[in-house]
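Just so you know, the sequences run in chain order A and B. Position 8 of the first sequence, counting from 1, maps to 8 under the working numbering, and the rest follow consecutively. Position 58 of the second sequence, counting from 1, maps to 58 under the working numbering, and the rest follow consecutively.
Hints listed in this document are in silico derivations from the structure and should not be mistaken for laboratory results. Accuracy of the hints is not assured; some may be wrong.
[Claimed, not checked] Non-contacting residues of chain B with respect to chain A, defined by C-beta distances greater than 10 Å in every case (computed):
| id | residue |
| --- | --- |
| 1 | Val13 |
| 2 | Arg18 |
| 3 | Cys33 |
| 4 | Cys36 |
| 5 | Gly71 |
| 6 | Gln91 |
[Stated by the list, open to error] Derived contacts from chain B toward chain A, CB cut-off under 10 Å, selection only:
| id | residue |
| --- | --- |
| 7 | Lys103 |
| 8 | Met106 |
| 9 | Glu124 |
Note that the Cβ used here is the ideal one computed from N, Cα and C, for glycine as well.
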Amino acid sequence: MKRFAFFPGCLIPTMHPSMEYAIRQSLPRLGIEIVDLDGASCCPDPIYFKSKDKLSWLAVAARNLSLAEDLGLDVITNCSGCTATLSETVHLLQDEELRKKINRRLARIGRKYKGKTRVRHIATLVRDEAGYDAISESVVRPLEGLKVAIHYGCHLLKPSSIMQVDNPDDPEVLERMVTALGATPVRHRNWYLCCGKACQTEEIPANMMHDLLRTVDAENAEILGMICPTCFSQFDYGQMKISKMFEESFGVPPVYYFQLLAYAQGEPYDKLGFDRQRFKPECLKRFEES
Amino acid sequence: MPSEKDNDDVVRVDFAFRRELAEKVEGNLASFCYQCGACVGDCPATTYSSEFNPREIMLKVLYGLGDELIGGDSILWQCVNCYNCHERCPQEVKPVEVIISLKNMMADRGIYPPAVKKIIHTFETTGRTVPLSDAINRKREKLGLPPLEPVPMDEIEKLFEPLEEEGEE
Chain A
1 MKRFAFFPGC LIPTMHPSME YAIRQSLPRL GIEIVDLDGA SCCPDPIYFK SKDKLSWLAV
61 AARNLSLAED LGLDVITNCS GCTATLSETV HLLQDEELRK KINRRLARIG RKYKGKTRVR
121 HIATLVRDEA GYDAISESVV RPLEGLKVAI HYGCHLLKPS SIMQVDNPDD PEVLERMVTA
181 LGATPVRHRN WYLCCGKACQ TEEIPANMMH DLLRTVDAEN AEILGMICPT CFSQFDYGQM
241 KISKMFEESF GVPPVYYFQL LAYAQGEPYD KLGFDRQRFK PECLKRFEES
Chain B
1 MPSEKDNDDV VRVDFAFRRE LAEKVEGNLA SFCYQCGACV GDCPATTYSS EFNPREIMLK
61 VLYGLGDELI GGDSILWQCV NCYNCHERCP QEVKPVEVII SLKNMMADRG IYPPAVKKII
121 HTFETTGRTV PLSDAINRKR EKLGLPPLEP VPMDEIEKLF EPLEEEGEE
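Chain A with its partners taken away, still in its complex shape (with noise of 0.2 Å):
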């Protein structure tokens, strides 16, 4: 078993308590061991903390990487704005004359960043640490037929350069992980676009969110394979809207990747929280039955 320190962020362990019940499940049947990061606080957010101030950001974002220094090991995240945090954090941070300024501000509190870990987003690290064939191996209830939306998000692969995950224009690492579950990834025509949450505007996200959803809709899609905590929220409880303000029908359920896979490896599916879902994914229940 390699042993990761696991950054679970605020999202999922409060509002999906579900989500990090099916990674704590699926991981260890890939070999990956979790070590729970004691102390640590919100990433912070990119979108919000960030906007106040991009200093503090940065030495509470370094606070909990020095949490996991102390355990010297690499950092797990399981939400794409914690995986954009904590990345940029460490890519800021090599720059010397920050990283004195920050550590000035972690001796307040006897802390200091070395930078030492690495920040690895839970799907990265399956695909590099376990790889699409041990995920394959490990599902006893192969979801064959269903077809899948893939939505990246932004902040799983970008920027790439310092995200370094995939390529952001033709990635294929969520497509191999939901082909490695027997189940068929479908790019629909705007698979690249936003879920809009970080927009202060009711228009742009919501016309965006209509794009998208006609797309998908235009594949007969049966679920939206997401990998992103507030992408899932957006979609789960934006589809009523969406359908409301354009007097249309949609109602794709948004499905957290883990939890796709703790289902494909035998989790039962009244175990892994889909009926707390605005829209659920009924159509998984017949693999159950079969």
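Since the structure of chain A is already known, use the hints to place chain B on it.
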């Protein structure tokens, strides 16, 4: 001697505004913008809004037109933070980072949209963007997940204060 009329055609750059922006982390990067517009074509906010244009925002930064960028109903909050502009820019200007630095300048002036202010406040008081509750920990317990502990705010708060030599951040 130039006439008064000629004088009116002169662009006056507000360097005080630009110097303040340059103090922010990566706020100085706009200086490298040569207005090619690579950031525009791939910007979802530009696609879905008639007002938002990252190239124009960078131009206003270069001119130091602070009043048109930072204020109560700033257009900058239309940015979706997708990082496409960061991806596309041949000059590594990172327009999204310049925009966030401009938001830092707004925060220094106490200007935030209410929804943004609320999330920042939650983080600054609890160390999380979603505050803990007994209900959350009960839900976690049912799933066999370890309980969430309060964030050590005494430590986090000490990180917010600027260093003396940083002066006014």
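The hints, checked one at a time:
Every CB of chain A lies more than 10 Å from the CB of Val13 (chain B), the least distance being 24 Å, so the non-interface label holds. The claim that Arg18 (chain B) is not at the interface with chain A holds, since no C-beta of that chain comes within 10 Å of its own (minimum 17 Å). Annotated as non-interface, Cys33 (chain B) keeps its C-beta farther than 10 Å from every C-beta of chain A; the closest such distance is 17 Å. Its beta-carbon lying about 18 Å from the closest one in chain A, Cys36 (chain B) satisfies the requirement of being farther than 10 Å from that chain.
The beta carbon of Gly71 (chain B) sits about 14 Å from the closest Cβ of chain A, which is more than 10 Å, so the claim that it is off the interface holds. Taking the minimum C-beta to C-beta distance to chain A, about 14 Å, the non-interface status of Gln91 (chain B) holds against the 10 Å cut. Checking Lys103 (chain B) against chain A by beta carbon gives a least distance of about 4 Å; that is within 10 Å, so the hint holds. Below 10 Å, beta-carbon pairs count as interface contacts, and Met106 (chain B) has one with chain A at about 8 Å; its hint therefore holds.
Because the beta carbon of Glu124 (chain B) sits about 8 Å from the nearest beta carbon in chain A, less than 10 Å, this interface hint is met.
Violated hints are absent here; each numbered hint is respected by the structure.
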